[in-house]
Amino acid sequence: MHVTVPPISERVRGLALTAAPTHVSLDGTAHTARGAVDEAGRPLLLVRPGEPLHTLRDEAVVTVDLTATRALAGIDHPRGLLKIQGWAEAVPEAGLRAAAVAVAARCPDESLFAAVENDPAGPRLFQVDVAQVIYLTGQESGMLDAEDYFGTGPDPLLEAAERMLAHVNGSHREQLHGALAVLLGHPVRDAWLWELDRYGVTVRSGVEDPTLIRLPWPSPVTTPHALERALAAMLCPHERRRP
Numbered sequence: 000m001h002v003t004v005p006p007i008s009e010r011v012r013g014l015a016l017t018a019a020p021t022h023v024s025l026d027g028t029a030h031t032a033r034g035a036v037d038e039a040g041r042p043l044l045l046v047r048p049g050e051p052l053h054t055l056r057d058e059a060v061v062t063v064d065l066t067a068t069r070a071l072a073g074i075d076h077p078r079g080l081l082k083i084q085g086w087a088e089a090v091p092e093a094g095l096r097a098a099a100v101a102v103a104a105r106c107p108d109e110s111l112f113a114a115v116e117n118d119p120a121g122p123r124l125f126q127v128d129v130a131q132v133i134y135l136t137g138q139e140s141g142m143l144d145a146e147d148y149f150g151t152g153p154d155p156l157l158e159a160a161e162r163m164l165a166h167v168n169g170s171h172r173e174q175l176h177g178a179l180a181v182l183l184g185h186p187v188r189d190a191w192l193w194e195l196d197r198y199g200v201t202v203r204s205g206v207e208d209p210t211l212i213r214l215p216w217p218s219p220v221t222t223p224h225a226l227e228r229a230l231a232a233m234l235c236p237h238e239r240r241r242p
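Here numbering that gives the first Met the number 0 is used: the first residue of the sequence shown is 0, the next is one more, and so on.
It is possible that part of the hints are untrue.
Taking CB as the label site, the calculated pair distances span [said to hold, decoys possible]:
1. G152 / E58: 22 to 28 Å
2. P51 / L214: 42 to 48 Å
3. G150 / D57: 23 to 29 Å
Hints listed in this document are in silico derivations from the structure and should not be mistaken for laboratory results. Note that beta-carbon positions come from the ideal geometry of N, C-alpha and C, so glycine has one too.
Please put together the full structure from these sequences, using the hints given.
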C-alpha cells in the first residue's frame, strides 16, 4: 500500500526537533521554560538561578510543553503541541557544550556561556529522559511511549525540506497559487506550504478558517535532490503534463 503521510512517530519526532519548550511542570506547578530538543529527541532546558529546577541535584519527574510553529507572513501559527513526560537531570559535564550549542540554535541566550562553565551558582542545563509523549497535531492526537518515540527518527530530509519550504513561501507564492488552481480545478487564495516531507506536501489555504490539503508524491523520495524535483514538478503542473 502506497504511504502518503509520515508515520506518526516520525512526524512527532520532527515536530519535537523544530519545537521550543514553553513550560515545564514540576510538582504540579507550571513554570516558563526555554531551551530546545536535541537530535536524540530529549528536551534540553536552560535554567537560571532562582528557578525551581535550579537546585535539583538528583532527578525529578517533569512535564515539558513543546510548541512547534510555522511563521507565515511574520505571524507564528501552531503546527503541533507536545507534552513530554519524563525525568529531568543535569546535563553531564561532558555533554554541556553540545547541549549549549543545541539550545543556542533554537533559543540564543548569553547565559549559555556561563552554563557551560558548570558553576553551581550560575545557570544550569538540564536534559529530560522521555517516558511518554502526548501529541496534538492538526486533527491527530494520541500518545507515544518511549519505545515508539525513540524507535524512529525525524524525516531524514527534514533540514532540506524546511529550507525549500521557507524559500517557496518567501518567494514563490504566486506560482503556488497557480499550480494549485491547475491541480485542484479551482482558484486557491492565501495558500502556503505547511508541511514538506519525503511522502508529499501539505498546503495550508485560507486565513479565517484554514484548510489543509495533502498532495502525496507518486512514490516516497529518498534524497534532497529528489525532494526538490518533486516539489518543482508540483509547482509546474503544466510542464509535468506535457507529452
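Open item on the list: Is 42 to 48 Å respected by the C-beta to C-beta distance linking P51 and L214?
Closed with: 46 Å, holds
TODO: Using the Cβ atoms, figure out if G152 sits within 22 to 28 Å of E58.
DONE: 25 Å, holds
Open item on the list: Tell me if the beta carbons of G150 and D57 are separated by a distance inside 23 to 29 Å.
Closed with: Once the Cβ atoms are compared, 28 Å apart, the range 23 to 29 Å for D57 and G150 holds.
When held up to the earlier numbered hints, the structure conflicts with none and fits them all.
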